[in-house]
Structure formats: structure tokens, C-alpha cells
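Participant: Protein chains in written order, with numbering that gives the first Met the number 0: chain A, 0 to 360; chain B, 0 to 360; chain C, 0 to 360.
Read the hints as simulated data drawn from the structure, not as lab findings. Take these hints with a grain of salt, some might be off.
It does not matter which identical chain is used: a pair holds within one copy or between any two.
With a cut-off of at most 25 Å between alpha-carbon atoms, the simulated SDA-like pairs for lysine to any residue come out as follows [what the hints assert, rightly or not]: (1) LYS198 with ARG120; (2) LYS292 with ASN142; (3) LYS353 with PRO128; (4) LYS353 with LEU233.
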Amino acid sequence: MQRRQFFQRTLAATAFTAASTAGVSRAALAGLPEPVIRTGADTAAPWLPPGVTGAGRPYRPVVTLNGWTMPFRMNQGVKEFHLVAEPVVREMAPGFEVNMWGYNGQSPGPTIEVVEGDRVRLFVTNRLPEPTTIHWHGQRLPNGMDGVSGVNQPPIGVGKTFVYEFVARRPGTFMYHPHADEMTQMAMGMMGFWVTHPKGRHPLIDDVERDYCFLLNAFDVEPGAHTPSINTMLDFNIWAWNSRVFPGLDPLVARLGDRVRVRIGNLTMTNHPIHVHGIEFEVTGTDGGPVPKGARWPEVTTDVAVGQMRQIEFLADEPGDWAMHCHKSHHTMGAMGHDVPTMIGVDHRGLVQKIQRLVSR
Amino acid sequence: MQRRQFFQRTLAATAFTAASTAGVSRAALAGLPEPVIRTGADTAAPWLPPGVTGAGRPYRPVVTLNGWTMPFRMNQGVKEFHLVAEPVVREMAPGFEVNMWGYNGQSPGPTIEVVEGDRVRLFVTNRLPEPTTIHWHGQRLPNGMDGVSGVNQPPIGVGKTFVYEFVARRPGTFMYHPHADEMTQMAMGMMGFWVTHPKGRHPLIDDVERDYCFLLNAFDVEPGAHTPSINTMLDFNIWAWNSRVFPGLDPLVARLGDRVRVRIGNLTMTNHPIHVHGIEFEVTGTDGGPVPKGARWPEVTTDVAVGQMRQIEFLADEPGDWAMHCHKSHHTMGAMGHDVPTMIGVDHRGLVQKIQRLVSR
Amino acid sequence: MQRRQFFQRTLAATAFTAASTAGVSRAALAGLPEPVIRTGADTAAPWLPPGVTGAGRPYRPVVTLNGWTMPFRMNQGVKEFHLVAEPVVREMAPGFEVNMWGYNGQSPGPTIEVVEGDRVRLFVTNRLPEPTTIHWHGQRLPNGMDGVSGVNQPPIGVGKTFVYEFVARRPGTFMYHPHADEMTQMAMGMMGFWVTHPKGRHPLIDDVERDYCFLLNAFDVEPGAHTPSINTMLDFNIWAWNSRVFPGLDPLVARLGDRVRVRIGNLTMTNHPIHVHGIEFEVTGTDGGPVPKGARWPEVTTDVAVGQMRQIEFLADEPGDWAMHCHKSHHTMGAMGHDVPTMIGVDHRGLVQKIQRLVSR
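All chains, please: the whole structure from these sequences, using the hints.
Facilitator: Structure follows, in C-alpha cells:
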């Protein structure tokens, strides 16, 4: 499922220079880690670094719903990742492919998974037809690494590579997404998850047996089309989880008695009240940090606002298949009914025959 | 206001068989409790069972805004209810009647009110023109009783009856609604309240003098029409409380010094920030359970997301008439201004005469 | 920037009578405080009363983003303000002026800043072309002062003055806005901030070095137009902070190590998830009061619902320029892309020449 493409040669051909926006030196470029590319939209097995390296202690890795965690390269104590922003074709469900923009072959991009205290270096190569940046949503970092085009850096030009580097100072659930032409680039699927595991035991972060994550995103794809209308503000017709829809979504599986954590982020244009059947849960953390235990509420539906991360946790103590969905009924059912007239109460006996007379076969 | 209709014969005529989806046996059908039907849209007096029965201790019953609590039948220690899903005509305000789908003569359906530990049996008869189910939102129950069509059960066919049975394991504020063709059936008004009173004193559930409940729902009814457009996702024009709008809504009354609880659920397609004038309140519980006292926030506006229940509580210590409304100004005012051009700043002196010349009288 | 206009004579000319809705007597009118009017849309310096007067202790005044605090007049121990509801022209950004309705020359109106226990008298003069009222959102006050037209008072007629008077009983963050023709009047920009400082030290209200406030509002101004379409319910194109947009917004400045409070209210038609880069914050209070310390959550994005106030607080311990924005990407970017077709993937080489051939120059 994962193939590695060595395209240093291609990168060299796209005119890296010392004058690139990032000022990546030729020496650094020569040492650019190979970007790991992913094909396929199934849920990858959780990924653990081969040995306990850098600041890392062993941790239970997350499982990205219909996604994957990208391996890193250790370079003198620094965890190095190479993200390639590029057009991709995402299979949203079997038989339904959409032209998106993503990272390393897919939308959303790979999950970045590190440990509190890790120094992280992220090479970002722009293969899009327009400039981009990456904002590391929720992270504490130097101002110049925050990724807002025009505020913290010039945008990364077409064909250029920019290097972000910072220490993952606090454990938690984060995301990354562009902060340049935001409307277009997020509407096209550019986003990814970031999990920083605590370095040691943390009083507010419990061990769990299952740890899942996904991002809510939305697209407006006209029937018959394959490219989202990126100017749509409200009237989306594809409400997706990790750029994937029913029946293409994998289940979140747990054993009876497991403690389960699900980390959910929202990069659509509206709130999504995520409802879980069969159990009650608590929000144990946000992208701002863990919620104090005394401040937690019991819920069966938590409203995830745009640009928020919510960690929910529960005990899987009821056997069976339980639904989990956004409770807005049009989002639950998907693109089933827009612009169809109401037929309730209409006498449509004989209608099929009438239509058949009009339509030549 | 409440008339009881004995239509066992009708039920028998709609072809109950042992092969019905629910597998209700002929013997059970013979003993089906009569469905209690309600006409009228005024607020019914609170209903208390005639004696303390089953697991029940005496409790203060809720008052359903412009709705009612359905009586049950005791059958060998089980509280039995009969819900009939059917087309209804709801008076949203005097002179404004809308074709809806509901339960037992009205939309929303009757409030189900039981006590923690009660065993409850709910017969659901489908008199709609399409299959349905009922999901008991927020309840702990066996997986096969959860009501998601295609996941937990086949849908209840037209004319069929399905029996749900479970123990009301935890006290709280719940709702019920279909989980089959959700978009259509909730847009048509199918929903109801469920309150489980605590069996004994509960450290997080205080006694109150007033206990009201209602569900937020929305409809798109074109001017001149009487049937909602069920495919509308965003641009609703009727923002209702229990399928009722101003000036048809009854007041929530309290005596000076009363402690008041209001339970609010949302089954529309957007958040509703419910604002109460004159006092501050706390959210004391959700459909997930009571909120720990130390975790409560003071509010004058609480945002009720779709698929959420919020119990708010306050001391009615300010005399007078105080407004309570969704703070979105189009929802506060109702269907007053959509698709009307802006006339602000337009000089419309002489306009009436010009129109009168054009319009023959 | 602030000029005082003595227009008692004008007021007299607009037919004040003892029969005005408020029953303001001729004697009282003679003593009406002069309305302070503001021109310009820059952020005014914080305003402190000249001496510690009335119930007031010295306090750190708030700074209203691209707005101002209105001075009061002391009258026998009562703080008197004069608000004039009137059409205004607001500069939303340099070169972009919009016809709004506001108070005292601007939209939003001036911030009212008092101290817990103060008796406050507010004269409201209506210079709009239609009736209005003011609701003092979140305040404890006598029922007749609550400002809901048709519930608590008749509306203030055109040219009339109404007097509101009450004690600012609890400290906190409030707002004021009309409660008559709400849809129109709030869509036209009528709103203002109200801060009541605690009288003494308050266990839940910390001292801060910086205290900013602003209201979120939205307008629908067609390209080429200057007057908002006041019937728009969803599809707004101008998402503003204090009726001001980028690049016209002033920065919120802090010194390294400052404790910063930002008070945010929302009077649009949708939730706004306010995201702050670089730090984590807590919601320390709402319009309902201060949040107990044990109930606070760490956040980087807080969802401000319509009709809610949120006080957020953080330590400014990271140097640099940090973005702060609503995380809905269309709101972040503004009116950049609505109703523009998707050009992604379209080959538009040669397009400019083709257009130039069609368009005469």
C-alpha cells in the first residue's frame, strides 16, 4: 500500500535555489528526506518507529480512519518529515473519485505522530499550481514557523520547498492545514492530523486501548463532476470524514471493555454535532490541551466547531454495532435529497407510464 | 382534549402476521395497548400515573410545551406504550395548519415519562407511506433495540408493528426520533421527548418546582403551501418549538422564587442559541447525564447543537414577563423577511399611488 | 477624533412632548445630557472618568477595537448617558463605506463602561425612520427596563426619547442591541458593548494588563452597493469585527508577559469559532458571569454562538505577530470568492488575449 518514490532528481529539476522562499541551502536539499507517498484509501495499520528514538518513550500509536501515519527519518536527534503538497485523486467511496489537493498522494495528508519534547523538521514541497504554506494549528512554536502567509512568512512558491522546524512542546491533538488561499486549499482537501504523545505519564492523559483520529471535511461536487466547487460557502453536498464517505468508511473497532479515545477535528464551514450511540462519553481534551477532570461533562453528542479538535473518551462496555454520525440529518444521509421536489402527498400512480411515453427508449 | 381510540380492529386489518418485521406474535398483538391519541395543540396538564407503580417513586412530572405526556399501561411490572407513526395535521399557530408526520395525532409525539429502573415496552405501529424505525436517543439499551435501520434492525414496514423493550437504566433527558429516511422524517416533524426521573435522591439532580420541556424543529413551508419541503438543508422559514410558533406558544409560568428546569432538544439543521432574559442559568445536564456541579457555567445564552439535549436551571427571582428565544434574529422574528428587497434609503413617497394606478380595484 | 455636538435645539425641534413614549418630562428634557458623537473608525484610547466618582473604584478601562467608550455625566450620583439611534456611514476599511444604522455617529455604538453597583440612566433618542428599543442583554434589571418591544415597553417612536434606568448589579461583559424589528436593526449594525467592572476584588475576576472588546457582525453588501441587504439570513459576504474588516482592523497589542483579556460578542446569524495563534487561552467568563476556575477548559479555538459573550484570557508569553481570526475559511478570507466558478484544472492559457479581443479598451 505504501510505495516510496525517490524523486530527488525531480525536485532538483524544479529549480531549487539558495534564493528559494525557504532559503533551503543546496547542502540541505541534498539531504532532503524522500517523501513517503500513499496510494489507496483504506485504514493503515498503526505505525511505531522501529526503535525508541530521540525523546520518544514507547507509546500507543493512533489509527487514522481511512488514512495513515507517515514514518519519519532521524537526523542527529531531529525527526524529519517531507510533506509534498500536490493534486491527488481521492477515492471517497468505491467508484467515486474526486480531484483534490492533498499531501503525499492523498487527502487528507498523513498523520504526523511524535512525542512531547521531540525536535521536528518538516520539509514542505509545493507541487500545486499556486503558492501555499502550512500552519501547525495549536502548536507552541517560534513566530516565523507559524505559517500564516503574509504574516509569518512569504508563501512557498510553486515548485519550492520550505523547511519548518520546532520542538513539539506540549502533548495533544493538533492539525495542520494551509494558511494561504485558505478558502480554496481547504475546500480542495488540504489538511492533516498531528498527535504529540506525552513524554511521561500525564495526570490528565489516560492510557487507552484504542486511539482513533479523523478530520471532518466537506466538498461541493456537482453530480457528474469530479472537481469540487471551491467557492461554495454553505451548500455543500458531500460531508466527509477524512475525505471519505459511506459506504467507504472503515469501522472503529473495539473489544468489549476497551477504553476508547477518538480525536476529531473540523475543517468544514459549519458545526458538526458528533453523536455516538450506545454509550456516554467525555471530552477529555481539545487542541488547547487536556480538560481538567472536574470540568468534564457527560455527553452523547458533542458539537465540534470549525477549527476545533475534540478528544472524546468512553468505555466500550456495550456489545454490538453502534452508529456514530453527525446529527444534522442531511449530513447523516449525505447527498441524497438536495434540489429534489417534495413528493409527499402527491398521487404519483400512473406517473411511470406517463414518463415512459415521453422518453424514447 | 384526549380521546382514546380503540382501533385494534383496524390494526388487525392491516395484516399483522407472525412474520412481521418485529415478530410480534398473534398473542402479543391481541394484547396490544390501545394507542392514546391527542387532538389540539395546547399544553396538557402534567400527568402522573394513578398510583405509584412498578419501580416508580412519586416524582414531579414534566410539562411539555404545547404537548402532552402519554399515559402507559402496566403489564406484569412492565410499562407499556403504543406509539403510532402517522400523518398528522399540526396547528402551528391559530389559523396555520401544516401537514406533518408525527405520532399519535400530533407532532411532536407524546412525551414518554418513566422512572429509573423501569422496564419499558414500546409498541410502534407504522401508518406512514414508507418504512420507519425509532431510535431512543441517549438510552443505554441492548444493541438490537437501538433503532438504526440497516444496522440494528430492518425497518418497520408500512402497516407493521415493532416492539422495543429495555430498562430505563439511567435518569435523564432524552428524545426519540426515526433512524430511517432521517432527512424526510425529521423534516416532517417526527420526534418526541423522553424523561427518566431518578429512582431516589440523586446528588446531581435537584428538586425543582417547575419542569418544562420542548424540542426545537424547523420547517420549510412555502407561502400558500401546507406541506414542508423536506429537502431543504439550510433555508428554512419556520423555526418552531414543539412544532408550534408565536403567537401560538404557551408561556412557561413560574411563581416568584420557584426553581425552574427547562429541558431543550434540537432536531433542526443548525445550532440554536437559547437566550433567557432577566436571570442567569446553568446547564445542569445533557442527554449524556447530569453535569458535575463544579463544571457548570453561568450563562444567559446556551448554544443547543443539533442532536443535543440541554437541561437549564434557574431561580425565578425577578418578577415580570421575560422573553426567551433563539438569539438568531431571523429565528426570533420568524418568516418575516426572506426574499424581500431592502427598502432602506429608498424614497418611496408616492409609491402607493403609482401602484394603485397599475392595480385595478 | 471626538467632537461634542450640542443639539438640544434640534432635539427640541423634533417634538418632544410629555406624551412621548417614555414620558420624559419637559424638565427632564431640559436636562438631557448632550450626546457625544464620534467620527472616524480608529481605536480610541481607553477612557477613565476624570475622578473616582459614584460607586466607582479605579479600574483598568477596556479598549474597544476600532471603537470607543462613551463618557458619562454624573447627576446626583447617577451616571447618565445619551445614546442616539441614527443612520450612520461606517468606514469598514479605507475606501469602503457602508450605510448603516448605529448610535452616536458610528456602528457599533459606544462602549458603556461602569462599575458594579452604579446607578445608570440611559437616554435613548430615536432618529431612525422606524421605531426602536434597546435591550440591555444579560443585565439584571426591573422588568420594564428590559427593552423588548411589545413585552416590556411600547417601542420608542421616531423622534422620541426613552429613559432607561437601573443599577448595574453584577460585574461582567454585556452588550446592548435593539429588541424591535431585530432582523433589520441588527443587520444594519445596531449594537454596542457594555462592561461592568467589579466594585472590589472578585475571586473569579483577575487583574489583566490588557482588556480588549469587540462584537462580531455580518453584512450583505452587493458589489457596487453601499447599503446592506437586511433580509439575508445565511449568505452574508462581509464578516466584520465591530463593523470593520481587514485591512482596516487595528491590532490587539500586548507586551511580552502581559496577561490579556479579550471580550467577544456575536450578533451575526451563525457561530464563529475564534482561533488565536501561538498561545492557549481559557474562557474566563460569559454574559452569565465569571466561569468557576475549576470549570475552565484550555482552548485555541472557542465557538462564540449568536447572542453569546465570551471573555478569553491568556498570557502573552510568545513574542511576534500572531493571527487571530474566525476559523471558517470564507470568514477568514472575506468576500473573495462567492459566485465565482471553479477554475481549478481549467486550461486558461490564452484566455487573457481572448478577453482582450472582446473588450474594447
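Participant: Each of the hints needs a verdict: does it hold here or not?
Facilitator: Structure-based check of each hint:
1. LYS198 with ARG120: The answer is within: 18 Å in one copy meets 25 Å, while 51 Å across copies does not.
2. LYS292 with ASN142: neither (32 Å within a copy, 29 Å between copies)
3. LYS353 with PRO128: between (50 Å within a copy, 22 Å between copies)
4. LYS353 with LEU233: neither (37 Å within a copy, 33 Å between copies)
Hints 2, 4, counting from the list given before, are not met by this structure.
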